[in-house]
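Undergrad: Can you make the complete structure from the sequences, with help from the hints?
So the chains spell out like this:
There are 2 protein chains.
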Amino acid sequence: MTMSNGAGGRRRPPTIHDVAREAGVSRGTVSRVLNGGHYVSPAAAEAVNAAIRKTGYVVNRHARSLITGRSDSVGFLLTEPQERFFEDPNFNVLLSGCTQALAAHDIPLLLMLAGTKDERRRITRYITAGHVDGVLLVSSHSGDPVAEELREAGVPLVQCGKPMGLRSKVSYVAADDRDGARDMVRHLLSLGRRRIGMVSGPLDTPGGVDRLAGYKEVLTEAGVEIDERLVVSGDYSRASGEAGAERLLAQAPDLDALFVASDLMARGALTALHRAGRRVPEDVSVGGFDDSVAATEAVPALTTIRQPYDRVSAEMVRVLLAQIGGEDPAAVILPTELVKRDST
Amino acid sequence: MTMSNGAGGRRRPPTIHDVAREAGVSRGTVSRVLNGGHYVSPAAAEAVNAAIRKTGYVVNRHARSLITGRSDSVGFLLTEPQERFFEDPNFNVLLSGCTQALAAHDIPLLLMLAGTKDERRRITRYITAGHVDGVLLVSSHSGDPVAEELREAGVPLVQCGKPMGLRSKVSYVAADDRDGARDMVRHLLSLGRRRIGMVSGPLDTPGGVDRLAGYKEVLTEAGVEIDERLVVSGDYSRASGEAGAERLLAQAPDLDALFVASDLMARGALTALHRAGRRVPEDVSVGGFDDSVAATEAVPALTTIRQPYDRVSAEMVRVLLAQIGGEDPAAVILPTELVKRDST
DNA sequence: CTGGTGTCTGTGAGCGTTCACAGTAGAGAA
DNA sequence: TTCTCTACTGTGAACGCTCACAGACACCAG
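Taken in sequence, the protein lines are chains A and B.
So that you can map any letter, position 271 of the first sequence is 271 in this note's numbering, and since no number is skipped, the others follow by simple counting.
So that you can map any letter, position 265 of the second sequence is 265 in this note's numbering, and since no number is skipped, the others follow by simple counting.
None of these hints come from the bench; they were simulated from the model.
Quantities reported herein were computed from a predicted structural model and do not represent experimental measurements.
Be aware that one or more of the hints could be misleading.
Where chains are identical, the list cannot tell them apart; a pair therefore holds if satisfied intra-copy or between any two copies.
Said to hold, decoys possible - Cut-off 25 Å, straight-line C-alpha distance, at most; resulting in silico cross-link-like pairs (DMTMM-like, lysine to aspartate or glutamate): (1) Lys340 with Glu83; (2) Lys117 with Asp144; (3) Lys117 with Glu217; (4) Lys54 with Asp118; (5) Lys54 with Glu148; (6) Lys54 with Glu152; (7) Lys54 with Glu119; (8) Lys54 with Glu149; (9) Lys169 with Glu80; (10) Lys117 with Asp310; (11) Lys54 with Asp176; (12) Lys162 with Asp235; (13) Lys340 with Asp254; (14) Lys117 with Asp106; (15) Lys216 with Glu228; (16) Lys162 with Asp328; (17) Lys162 with Glu327; (18) Lys117 with Asp256; (19) Lys162 with Glu246; (20) Lys54 with Asp227.
TA: See below:
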């Protein structure tokens with residue numbers, strides 16, 4: 001019954017020409033229906049739609065791209081080493097959110113993993129060749145030059161997280177790091193903690209800097225003296241959280257709380273505290289940041305600052321598409337929220 | 001000094017025509033150089049390559065695809081619910097491996113997440129429209145009809161893990177589940193354990209079935225009676241591992257070992273054992289499966305069966321490209337390896 | 001010298017779409 | 001009526017590439 005195409009082979013798909021013939025109109029009219037339907041009579045539009053359904057027509061994106069110059073696809077560029085991609089579920093959440101937001105616009109997402117310098121160069125060339133209309137960039141060490149490079153090449157770009165230099169205007173979407181950190185430290189203070197240690201993020205990134213700034217501000221406001229022995233920095237990896245907590249325990253054994261700048265690092269810190277025989281939350285309260293899967297999986301479950309990742313990815317896509325459409329770069333800052341669990 | 005294209009705008013990139021003019025040859029010759037360089041004189045080839053370097057020419061893939069009918073891109077299709085994608089690092093490893101293997105062939109990877117039925121339908125239509133040359137399919141519940149559907153549409157396809165039905169020939173790459181399970185159970189027996197429980201994978205998948213089969217075989221061979229109270233099944237999620245272990249502890253409190261069919265489930269099992277006051281590995285030895293990041297992060301670190309994910313992804317890409325090139329579907333089974341850590 | 005063979009090269013056509021333009025028909029205004 | 005305006009439609013020309021073909025040239029055998 002079905003006109004199956006022979007084993008394995010694909011039949012030639014119908015073209016806009018076939019649809020036009022079927023509907024009794026011209027290619028131009030079909031094209032107009034396909035692209036918004038302006039200046040098309042209702043009768044013609046109906047005939048074309050019927051013909052599309054009947055023939056099973058799907059637009060050939062290559063032919064379209066050839067003439068429009070757009071690829072109607074965007075790249076998701078992750079400039080992180082493999083191990084970070086493997087261990088941090090935040091990337092999956094962002095990836096999934098962006099894919100879905102793009103799907104609503106019928107735009108495919110090309111995954112670009114640039115862990116090494118070679119890959120970075122290859123991918124940069126691919127992008128600047130115009131194979132994608134824009135790029136969603138995820139990179140924690142925002143010092144990397146790839147954003148600048150792409151901007152200079154005129155590629156629409158949205159970064160996840162605040163970029164470091166402000167040399168050229170680049171769009172970004174970020175959570176309110178400073179405010180989130182303030183909430184967490186206030187929460188720890190409200191529990192009666194005064195010797196609050198911090199494992200910050202990398203200090204060559206605004207995210208790392210801002211969370212640390214929030215921490216110091218609130219302590220100062222509360223009249224608690226800043227003790228530099230209570231502050232170390234990590235790189236968001238689990239291992240660096242563990243090492244950081246260990247160092248803090250050595251430098252300041254009397255600490256009674258720990259604010260760790262990511263959930264993954266916080267899990268590392270839990271391991272270190274456990275090994276040192278400190279009970280959480282009885283002896284030490286621990287607060288994380290992100291509210292990723294890692295927070296609920298931790299034992300005890302982590303009190304943390306929720307970053308609205310679903311909104312982050314949606315906004316990234318929105319801003320990118322706007323920029324592809326010709327609008328100016330934009331910055332979006334989203335509010336965070338304190339989520340209380342068992343670790344405080 | 002550099003002829004920068006004005007703010008934000010992209011200049012029209014050089015075409016094959018520009019290269020031909022620059023090199024003093026025809027379009028045809030340039031095209032031949034681009035596609036393997038057969039039937040081209042060394043002098044012409046050198047001139048063309050110099051012209052390409054000078055002009056910064058990059059092929060326009062849309063124009064090429066329009067005439068060749070190939071898209072020179074492949075899709076990575078994940079038919080799993082979001083939560084699974086968020087919690088299981090195995091997906092990241094596969095994704096990364098495939099992306100890199102494809103990059104070596106200059107083929108971009110389109111990420112397709114089909115967690116819901118709607119998404120699945122949309123994506124199937126996209127694929128069958130010929131927008132990708134082939135599909136790398138990752139799906140744990142291999143009962144889902146998407147593989148069949150795509151095969152029937154003549155789309156080259158490689159599945160990760162053995163597919164359930166054998167209705168039509170579909171390529172797949174899988175680890176040797178049965179053999180891996182046998183190794184683990186033998187290892188547990190060698191430690192003197194006799195009451196070995198198992199949390200299997202879903203039994204509507206060959207992976208789940210085969211690991212359970214290996215478990216039973218080895219026990220029988222060793223003269224240990226199979227006790228059905230010692231077997232439950234999960235769905236590879238962490239939560240199901242925790243629930244499974246809890247059920248086993250209730251049904252067979254005397255168990256002295258646990259073989260859990262994935263590392264993630266094994267971590268769940270560790271939580272349940274901890275809560276029940278059983279020490280690992282003193283009271284209960286625990287073995288996982290996969291050797292994912294989850295295994296080393298677990299406390300204690302998990303003894304597990306290593307699946308060679310790097311080779312899996314490389315083979316998936318190899319088989320898919322071969323199939324796109326016209327070869328017949330193929331099945332690849334890769335060996336596993338026992339990795340001893342602290343949990344046994 | 002003729003004819004074949006093999007290597008290399010240029011040329012026109014065409015892939016399936018969009019876009020600019022020209023053209024038609026009908027309505028309303030002068 | 002005639003002219004203008006608007007709504008709609010069809011047509012040729014691109015977009016940048018590959019492919020098939022034909023032609024040129026060199027070489028060798030007969």
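Undergrad: Look at each hint and say if it fits the structure.
TA: How the hints compare with the structure:
1. In this assembly of identical chains, Lys340 and Glu83 lie within 25 Å of each other by CA distance solely across copies; the values are 21 Å between and 29 Å within a copy.
2. Taking CA atoms no more than 25 Å apart as the test, Lys117 paired with Asp144 passes inside one copy only; the shortest distance there is 11 Å, against 39 Å between copies.
3. Neither within a single protomer nor between protomers do Lys117 and Glu217 lie at most 25 Å apart by alpha-carbon distance, with minima of 38 Å and 49 Å respectively.
4. Taking CA atoms no more than 25 Å apart as the test, Lys54 paired with Asp118 passes between copies only; the shortest distance there is 21 Å, against 48 Å inside one copy.
5. In this homomeric assembly, Lys54 and Glu148 come within 25 Å of each other (Cα to Cα) only across copies, at 23 Å, whereas the closest approach inside a single copy is 48 Å.
6. In the homo-oligomer, the alpha carbons of Lys54 and Glu152 lie at most 25 Å apart only across protomers (20 Å), although the nearest pairing inside one protomer, at 46 Å, exceeds that limit.
7. When the C-alpha separation of Lys54 and Glu119 is checked against a cutoff of 25 Å, the pair qualifies only between copies, where the shortest distance is 22 Å, while the shortest distance within a copy is 45 Å.
8. Taking the closest pair of Cα atoms, Lys54 and Glu149 come within 25 Å of each other only across two copies (20 Å); inside a single copy the shortest separation is 47 Å, beyond that limit.
9. In this assembly of identical chains, the alpha carbons of Lys169 and Glu80 lie at most 25 Å apart only when taken from the same copy (23 Å versus 38 Å across copies).
10. For a Cα distance limit of 25 Å, the shortest separation of Lys117 from Asp310 across copies, 20 Å, qualifies, whereas the shortest one inside one copy, 30 Å, does not.
11. In the homo-oligomer, the alpha carbons of Lys54 and Asp176 never lie at most 25 Å apart, since the shortest distance is 51 Å inside one protomer and 46 Å across protomers.
12. Within a single copy, Lys162 and Asp235 get their C-alpha atoms as close as 16 Å, which meets the 25 Å cut-off; across copies the closest is 39 Å, which misses it.
13. Proximity of Lys340 to Asp254 under the C-alpha cut-off of 25 Å is restricted to the intra-copy arrangement: shortest distance 24 Å within a copy versus 38 Å between copies.
14. Proximity of Lys117 and Asp106 under a CA criterion of 25 Å is satisfied inter-copy only: 17 Å between copies versus 32 Å inside one chain copy.
15. In this homomeric assembly, Lys216 and Glu228 come within 25 Å of each other (Cα to Cα) only inside a single copy, at 10 Å, whereas the closest approach across copies is 58 Å.
16. Taking the shortest Cα distances, Lys162 and Asp328 sit within 25 Å of each other inside one copy (17 Å), while across copies they are farther apart (49 Å).
17. In this assembly of identical chains, Lys162 and Glu327 lie within 25 Å of each other by CA distance solely inside one copy; the values are 19 Å within and 48 Å between copies.
18. Within a single copy, Lys117 and Asp256 get their C-alpha atoms no closer than 42 Å, and across copies no closer than 49 Å, so neither meets the 25 Å cut-off.
19. For a Cα distance limit of 25 Å, the shortest separation of Lys162 from Glu246 qualifies neither inside one copy, at 29 Å, nor across copies, at 45 Å.
20. Taking the shortest alpha-carbon separations for Lys54 and Asp227, neither the intra-copy value of 73 Å nor the inter-copy value of 58 Å comes in at or below 25 Å.
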